[in-house]
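Participant: Each chain, written out:
Number of protein chains: 2
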Amino acid sequence: MDLGTPVTRQPLDTAFIERLQSRFGKDLHFGEAMLRQHGSNEAHFDVVLPDAVVFARSTEDVVDLVNLCVAAHISIVPFGAGTSIEGNAVPIRGGVSVNLSEMDAILAVHAEDFDCTVQAGCRREKLNEHLRDTGLFFPIDPGANATIGGMASTRASGTNAVRYGTMREAVLSLKVVTPEGKVITTARRARKSAAGYDLTRLYVGSEGTLGIITEVTLRLHPIPETISAAVCGFETLEGAVTTVVQSIQSGVPLARVEILDDMQIRAVNAWSKLSLPEVTTLFFEFHGSPGGVAEQIELVGMLAAENGGGSFDWSNLPEERARLWKARHEAYYAAVALRPGAVGWTTDVCVPISRLPECIIETKRDLAGASMPATILGHVGDGNFHVIFAMDPDSVDEMREVKALNARLVARALEMDGTCTGEHGIGIGKQDWLVQELGESVDVMRTLKRALDPQDLFNPGKIFSL
Amino acid sequence: MDLGTPVTRQPLDTAFIERLQSRFGKDLHFGEAMLRQHGSNEAHFDVVLPDAVVFARSTEDVVDLVNLCVAAHISIVPFGAGTSIEGNAVPIRGGVSVNLSEMDAILAVHAEDFDCTVQAGCRREKLNEHLRDTGLFFPIDPGANATIGGMASTRASGTNAVRYGTMREAVLSLKVVTPEGKVITTARRARKSAAGYDLTRLYVGSEGTLGIITEVTLRLHPIPETISAAVCGFETLEGAVTTVVQSIQSGVPLARVEILDDMQIRAVNAWSKLSLPEVTTLFFEFHGSPGGVAEQIELVGMLAAENGGGSFDWSNLPEERARLWKARHEAYYAAVALRPGAVGWTTDVCVPISRLPECIIETKRDLAGASMPATILGHVGDGNFHVIFAMDPDSVDEMREVKALNARLVARALEMDGTCTGEHGIGIGKQDWLVQELGESVDVMRTLKRALDPQDLFNPGKIFSL
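Residue numbers (the working numbering), protein chains in the order written: chain A, 319 to 784; chain B, 319 to 784.
Derived from the structure by calculation, the hints contain no laboratory data. These numbers were taken from a predicted model, which means no experiment stands behind them.
Identical copies carry no separate label here, and so any pair may be met within one copy or between two of them.
Only pairs whose alpha carbons sit at most 16 Å apart, straight line, appear in this in silico EDC-like list of lysine to aspartate or glutamate:
#1 Lys644 x Glu443
#2 Lys500 x Asp771
#3 Lys500 x Asp761
#4 Lys444 x Glu420
Please put together the full structure from these sequences, using the hints given.
Facilitator: Here it is in structure tokens:
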């Protein structure tokens, strides 16, 4: 992976270390294990250690750390749960990793306004447990139990996005520490506003390159009166995808619709102790009033039957739904576990829904000759899907092969007016593709980055190199 | 209104005029009527004439005009339908107004993907007429028959936003001519993407200050199976607002809910030849399946009855609905017409929904002593409402009085964690309030503006002065 001009890393100088020590005391770490945790990633990228790790406990901590780093010209890389998969939090130029996981307070819930404010390090499962008694929930669900700040930074989405949108729609406002050490709030709590540039949306998806998010105000949704989940196996991949496309085009407000191909089902059966038929399968979730959900299920069931779907195995028991979605959430680990000792490489494209059948079928065909296990799964209601390769970490040939398969997949998506990343972000892994996708728009992004972070200290080398 | 440091306007020099003439020929205008049309506004702001008007017919025209203006250090101000109401398109520092209304082609409709691409000058009513046979519609409806480019520029919303969102959610991608004369496309056509900074959202709401939008790709929605409209009068303003808040909090997916106070109803009756009872009134629209709409109407009807609402006068006949919404759309003109010879001043605040009853009731109380007609109306499902003052254009005292009433209203909204503009934008009129609302965030906006438009030539002096 080309990370731009190699940067010679200098060890942190003593005076800087002393300043950190005196300000952060026991929240400052240099231990090998701690550095390794912050330099690793859940994907195939090399480990690059930070020079130090600081646990922030407040926005004021972040301000002071930013001021110290900027004065000393030291890079600063925010770290949440470490679940991103394009190397988004790997400190590739060293410097200080700032761990926000201790900033996990839920600061306010305004149930009557359907919003809440949390610290950036709060994880989504904790938030939803906290909200349970209010009748509300936070729908964005990328699978991993990520931090809300991390999810905002990568513009995460996941299984519920087809109905509830992504972090782009979910974030009402952010508190951000800027490279100048200022604390800004990007918006008020009103549901809509036309007050100046949309800074909220600028920071959502900026991967820590423009400042550090310390608080997030989120839109919440009422827990639906009725929730039903269903599983349906298909004779063909094409039949499954066509069912989804026709459901969306018929205006069915699907809450979730996930595809898992035959190999992914085999992986899930083994990992999660299920016994699903090993064919391409759709996992559905329907939200609404009892009558509305019944209408949705009837229509989708009919479309599935027309497209070679088997019986609609459905349930509205919470524990069965939970078992199903737990299996879906663990699909990544299940796929990697198909091959002992493997590491995962996940792709992430998204295309206009009309092009999805073609894109996914061509991809499946391309994977047929792969020398390692490769599964397809995805949030097909959005036109978004992934391939997970279970790769031998020591094989240069396999790395080359996966790179080529990924390149063909992204090229296919771009040809169809799609994007090189539906939800994982650019990080380290998608930088060349970003330029192919958006051309001179990337120059505008660089101009914004230079204007807001002129020393290039905030998660440098991510999204693009300056 | 303080427009920052006064700028001495120089007449355009002859060489520049010759270059314009040779490039734009009969699309270049200097006539008094044409200049006046582009220097006027639908509100109370002074007329400021541009030095020239150019009608653009293509993105290439805009590129060439941008390059000519930037080289000569001449301001350039985009103009669509001229329906904005914070003076957003008034060329307060002169220069060239670029009229995009001839760029009104519908370039593509991808019905199966629920999206379309239009030139910036296409008006929303034309688009919806064009879409009719596809079973889709473009829901964003600010009342005026604005251009799509203008709506994107001010982050417009209007009556359907409570259900379908604002231009923030509706715009999938933009074609923009940057101050460097580059043509960029901000996103692909996929429904979601995590590819770099969200330039689409940065330009939406930037009021022409960062570049000129020439094409817009929009998300569309299926025309609902059933549409029902209803009108309901209330004993008290509080009862009407509480009905809306309780409906929203009960999760009713209202498609439209508009409040018109007693004086606004009087205005509408006179202007649109209706005979509604002259009390605070809610206009509703419900979208969904026949069963879903029936459920919604039943629940909202019950809440209305509990809050002093009269009978629910409803209809799903297209012509009756059209008559109702035509009356709502003309409410602004109706309010100004309450007083012959008056000009309008419209306010535009938005607060968290839980604070709406308090905000609107205090406002009504404050208006009781006003010396001119002042009506309340708004998109209350979003917490967004307006006051329309019918002001004597020649009375300095009235201007002062309205300013003070507006100031108290905005201060009230900000105290409630609301915004100084729900949908009209900052333009000329809300600049001081923007700073009160977002503090040092405005400095970040200025930094972005300086980076992208270093000569401050693109709609200069709007949103903020540099």
